[in-house]
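In order, the protein sequences belong to chains A and B. The first sequence begins at 1 in my numbering and counts up one residue at a time. The second sequence begins at 1 in my numbering and counts up one residue at a time.
The hints are simulated quantities; they were obtained by calculation from the structure and are not laboratory data. Quick reminder that beta carbons are idealized off the backbone N, C-alpha and C, glycines included. Accuracy of the hints is not assured; some may be wrong.
Computed footprint of chain B on chain A, listed as stretches where at least three residues anywhere in the stretch have a Cβ under 8 angstroms from a Cβ of chain B [said to hold, decoys possible]:
# : region
1 : 65-77
2 : 111-117
3 : 370-379
Number of protein chains: 2
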Amino acid sequence: MADLELIQGILASAETKILLLVLDGVGGLPVEPGGPTELEAAKTPNLDRLAAEGVTGLHQPVAPGITPGSGPGHIGLFGYDPIRYQIGRGVLEALGVGFELEPEDLAARGNFCTVDAAGVITDRRAGRISTEKAAELCAELRGIDLPGVEVFVEPVREHRFLLVLRGPELVEGVADTDPGREGVPPLDVVAEGAEARDTAGRVETWVNEARKRLKDHEPANMVLLRGLARRPDWPLFPAVFGLRAVAVAQYPMYRGVARLVGMDSVEVGPGRDELLSALENVWDDHDFVFVHVKDTDKAGEDGDFDRKVKVIEEIDGHLPRIMALDPDVVLVTGDHSTPAALRSHSWHPVPVLLWSKTARRDGVERFGESHCLRGGLGICRSDDLMPLALAHAGRLTKYGA
Amino acid sequence: MADLELIQGILASAETKILLLVLDGVGGLPVEPGGPTELEAAKTPNLDRLAAEGVTGLHQPVAPGITPGSGPGHIGLFGYDPIRYQIGRGVLEALGVGFELEPEDLAARGNFCTVDAAGVITDRRAGRISTEKAAELCAELRGIDLPGVEVFVEPVREHRFLLVLRGPELVEGVADTDPGREGVPPLDVVAEGAEARDTAGRVETWVNEARKRLKDHEPANMVLLRGLARRPDWPLFPAVFGLRAVAVAQYPMYRGVARLVGMDSVEVGPGRDELLSALENVWDDHDFVFVHVKDTDKAGEDGDFDRKVKVIEEIDGHLPRIMALDPDVVLVTGDHSTPAALRSHSWHPVPVLLWSKTARRDGVERFGESHCLRGGLGICRSDDLMPLALAHAGRLTKYGA
Numbered sequence: 001m002a003d004l005e006l007i008q009g010i011l012a013s014a015e016t017k018i019l020l021l022v023l024d025g026v027g028g029l030p031v032e033p034g035g036p037t038e039l040e041a042a043k044t045p046n047l048d049r050l051a052a053e054g055v056t057g058l059h060q061p062v063a064p065g066i067t068p069g070s071g072p073g074h075i076g077l078f079g080y081d082p083i084r085y086q087i088g089r090g091v092l093e094a095l096g097v098g099f100e101l102e103p104e105d106l107a108a109r110g111n112f113c114t115v116d117a118a119g120v121i122t123d124r125r126a127g128r129i130s131t132e133k134a135a136e137l138c139a140e141l142r143g144i145d146l147p148g149v150e151v152f153v154e155p156v157r158e159h160r161f162l163l164v165l166r167g168p169e170l171v172e173g174v175a176d177t178d179p180g181r182e183g184v185p186p187l188d189v190v191a192e193g194a195e196a197r198d199t200a201g202r203v204e205t206w207v208n209e210a211r212k213r214l215k216d217h218e219p220a221n222m223v224l225l226r227g228l229a230r231r232p233d234w235p236l237f238p239a240v241f242g243l244r245a246v247a248v249a250q251y252p253m254y255r256g257v258a259r260l261v262g263m264d265s266v267e268v269g270p271g272r273d274e275l276l277s278a279l280e281n282v283w284d285d286h287d288f289v290f291v292h293v294k295d296t297d298k299a300g301e302d303g304d305f306d307r308k309v310k311v312i313e314e315i316d317g318h319l320p321r322i323m324a325l326d327p328d329v330v331l332v333t334g335d336h337s338t339p340a341a342l343r344s345h346s347w348h349p350v351p352v353l354l355w356s357k358t359a360r361r362d363g364v365e366r367f368g369e370s371h372c373l374r375g376g377l378g379i380c381r382s383d384d385l386m387p388l389a390l391a392h393a394g395r396l397t398k399y400g401a
Numbered sequence: 001m002a003d004l005e006l007i008q009g010i011l012a013s014a015e016t017k018i019l020l021l022v023l024d025g026v027g028g029l030p031v032e033p034g035g036p037t038e039l040e041a042a043k044t045p046n047l048d049r050l051a052a053e054g055v056t057g058l059h060q061p062v063a064p065g066i067t068p069g070s071g072p073g074h075i076g077l078f079g080y081d082p083i084r085y086q087i088g089r090g091v092l093e094a095l096g097v098g099f100e101l102e103p104e105d106l107a108a109r110g111n112f113c114t115v116d117a118a119g120v121i122t123d124r125r126a127g128r129i130s131t132e133k134a135a136e137l138c139a140e141l142r143g144i145d146l147p148g149v150e151v152f153v154e155p156v157r158e159h160r161f162l163l164v165l166r167g168p169e170l171v172e173g174v175a176d177t178d179p180g181r182e183g184v185p186p187l188d189v190v191a192e193g194a195e196a197r198d199t200a201g202r203v204e205t206w207v208n209e210a211r212k213r214l215k216d217h218e219p220a221n222m223v224l225l226r227g228l229a230r231r232p233d234w235p236l237f238p239a240v241f242g243l244r245a246v247a248v249a250q251y252p253m254y255r256g257v258a259r260l261v262g263m264d265s266v267e268v269g270p271g272r273d274e275l276l277s278a279l280e281n282v283w284d285d286h287d288f289v290f291v292h293v294k295d296t297d298k299a300g301e302d303g304d305f306d307r308k309v310k311v312i313e314e315i316d317g318h319l320p321r322i323m324a325l326d327p328d329v330v331l332v333t334g335d336h337s338t339p340a341a342l343r344s345h346s347w348h349p350v351p352v353l354l355w356s357k358t359a360r361r362d363g364v365e366r367f368g369e370s371h372c373l374r375g376g377l378g379i380c381r382s383d384d385l386m387p388l389a390l391a392h393a394g395r396l397t398k399y400g401a
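Produce the entire structure from the sequences given, and follow the hints as far as they go.
Right, here's the structure in full:
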């Protein structure tokens, strides 16, 4: 893997355009041993043509055996080492609900939980209360006043909520109050270093007040906090890669991760045509467009092999419209595998195809896991794909004289 | 590669069991160009079935071109980066003879050597004196009294011995006295930093006394010391990977390396049936069992291609008995290659198969070097195998939300 500084140091200017098409969770597994995966079962003449004309492989989103969440999965595709560049839970939660974090905000992931009369946690998820109920409780918690600090409490899903503290003197370094198990009380609010003591004191005040206000709302009669963090201050994608970049995505999480690295983003309505029209609208003014398709992952999470196959086939049918934009480099891949057989994200490497006029063909003529295993990219790292895309786009000069 | 902290941070609990079967030095080379390797020549229907149902590849024990000793070879398989986690020579020597090091012991590898009248080394190995002779000399050296320090001197093999100093004030940081060549005197005992001066003084006293006592024992009339070190204080395997782990091995070295990372170990008699019975005995009470087979390596070191083939076939014949234990994940590999053609360990990547219900099959139907080269694991690092085994055992959760 080449690091971001190395890449930034060898950028060349070019008028080329790169398309990154992410089919979320596209990697899969067979239902029956020896059978095809979802991608292999799908009829994909257009993807197959790109695979045949381009170069293929598999990418390892984080590392062998590691199942990535959406954050690390996309951070890798954007060219950042997902182990070095970690996003705090609170920040991810904010991205997921489309909350626009300011640089000095502290964001935490909150759980409503159940504690007994002695204050011991009996259910870390408060029986997975409904999102509607959580919204009511969030409204209640918004009534807590912290002098000098603006507080935001946003429902996420079921028992999960987002807590954001906004104030000039807040710093990172407050430990989780979630002990990660039941049968013990929530952890005290503790500063990990002296400089976070004042911030920890404010968080403690908020937690104590929340406890009082939730007392009679069993099962959701207490809160747990995790991953209190600022949005990270990373090298930004447009500067590192020299690209005017934009995310075209229907879910706030994916626009959020893209904005975190400095990409533009556009909100898109729920239909496929709206996604494609949005892509067409941003095309002229950008050098790099990241298009995110969620339905492959959703079908995988639902354990619906056939629906995942259909989504892949449907996207394949739209490829001529996409290729009509005349991109110079096309990357098609997923941020991780979501095999319907497992009903969840998995650690299996993800098929990838890179199409460009400078691709060295590898004899692979189908876009599928077993075909890509014979591909010219081998089993690469997710963060190798951006330098490859730049190279094929004529946007990198020599390294060393 | 994911680091140990990352892995420990995403452990999930599960009731699954992992078997690591190490065929020491299993990787090989053909005798005639174009011929089969030892593993390819062996008839291995059971290993082939596991390869067909699982996923295969080759692992690089340390790094391309690097021939590992037994220590780094196993440390990698146990999931530790063998370059970051290095075992001192003295500690390895102790493991090899089954000497139980206490945390504050200092252990050194010793050589008996020959010096001339001027004190210049004429043979660093004292003509490779017999192990019996060395045992006599070790007994003589045990008579040396170091105030406040308990001293152990154990014969290893031929001219090699183990020196262990046990005392509360001993520290690391004493340089080797072995200059690594002949024609010069042994190096003075030197402290690498001020804090090791007192320890160096004690070692110097011991070396001077050893010189006096060996004076008339030519060719073994002097000693050389290397790698004076404590047993390392590493993150322990059971905590890092969340596994009740045990080593089933017939040689002290392999039990020793396993104990170094906190595994249990059981002593096993010399026969194959004793090895398998020991495996069966520990199975119920452990989540991870490391079984070590030495004979593949021995045959390779002896340059005996046919015997190595026979050992592999014999082990293959026992696989149904092993699989009857109903493991969830099976890893079969070696700690390095020991091609009979080279009569020594080598740097060649080592075939590996990972069998589990969640394996994404790769079309490989034989367990052999050339077949594994087309496998779905690609050419991976040795320390990638533990995270993969954990993932397939359902023992890792998502990384990042």
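Each hint tested on the structure:
For a cut-off of 8 angstroms, the count of residues in the region 65-77 of chain A with a CB near a CB of chain B stands at 9, and the three-residue condition holds. Coverage of the region 111-117 of chain A by chain B is violated [criterion: at least 3 residues with CB-CB distance below 8 angstroms; count 0]. Requiring three or more residues with a Cβ within less than 8 angstroms of a Cβ of chain B, the coverage given for the region 370-379 of chain A holds, as 5 such residues are present.
Hint 2 from the list above is the single one not met by this structure.
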